[in-house]
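Taking the hints into account, I'd like the entire structure generated from these sequences.
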Amino acid sequence: MTGVFDAYARYYDLLYRDKDYVAEAGYVASQIRSHAPDARRILELGCGTAAHAEQLAQMGFSVHGIDLSESMLAAAERRKSRLPPDVASRLSFSRADVASVRAGQPFDVVISLFHVMSYQVTNDALAAAFKTAAANLRPGGLFLYDFWYGPAVLTQKPDTRVKRLRDADVDVTRIAEPVVHWNENVVDVNYTVFVERNDTGALEKLCETHRMRYLFPAELVHYYSPSFRERATCAWMETAHPTADSWAALQVLTRI
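Sequential numbering from 38 applies to the sequence shown in this note's numbering.
It is possible that some hints are incorrect.
Pairs of lysine-lysine, DSSO-like flavour, derived with a Cα cap of 30 Å [what the hints assert, rightly or not]: (1) 194 x 117; (2) 117 x 200; (3) 56 x 200; (4) 242 x 200; (5) 242 x 56.
Derived Cβ-Cβ restraints for the label pairs, each shown as a range [stated by the list, open to error]: (6) 196 x 172: 33 to 41 Å; (7) 236 x 129: 34 to 42 Å; (8) 275 x 196: 38 to 46 Å.
Think of the hints as simulated: they come from the structure by calculation, not from any bench.
Beta carbons are placed, not taken as given, at the ideal position from N, Cα and C, and that holds for glycine.
See the structure below:
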């Protein structure tokens, strides 16, 4: 997965500039405050360019983000360098694997957003991610993560999508063509990304495959039950239970 994200890290923030990181971080913060009002220290598994981490730091949380992609972490450090010193002091990053990282100190909360858990496509990888969350949490700490909600994926079915964006330097066109492996609960999202420089007209083409697993609450309990108990399962950005219309869901677990 590292190579995939390194390939398009340069254009990642442009591709997702329409994503409302402020609202999403506010939603995550409200869930944390609801279930663990005294929580302050967060470990983020798969922090990317730190857009969520920045917003959480603005709200007063201390966030340590880990990611496997050196390009993503470099972008995260650039983001941090532009922040006021008091906010930047609450952010730190390191290169590590969500399957095995051990921070050496317990956190109040572990978060994993933007479907990082759905990138854990094998049973072993999924189990390892839950073990990682448990190992880095204090007893009673929270693990919050979002994921592709299986009933909605089966109902709506992935389809081909095209996204076009531009800034002062480049025009970006991304085509997403999914291939569903129904017996594995996995979708290969095949991206073709065209990047055209506005000054020279030079065209760059990137091809990537993101393998994603859609998940079901009834199966997830078998992975987290040794270390966690469920606090809430909601449609993403909502407080109600997910439905067949909820492509993404959030689960909140407490470390036993």
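Which numbered hints fail: 1, 8
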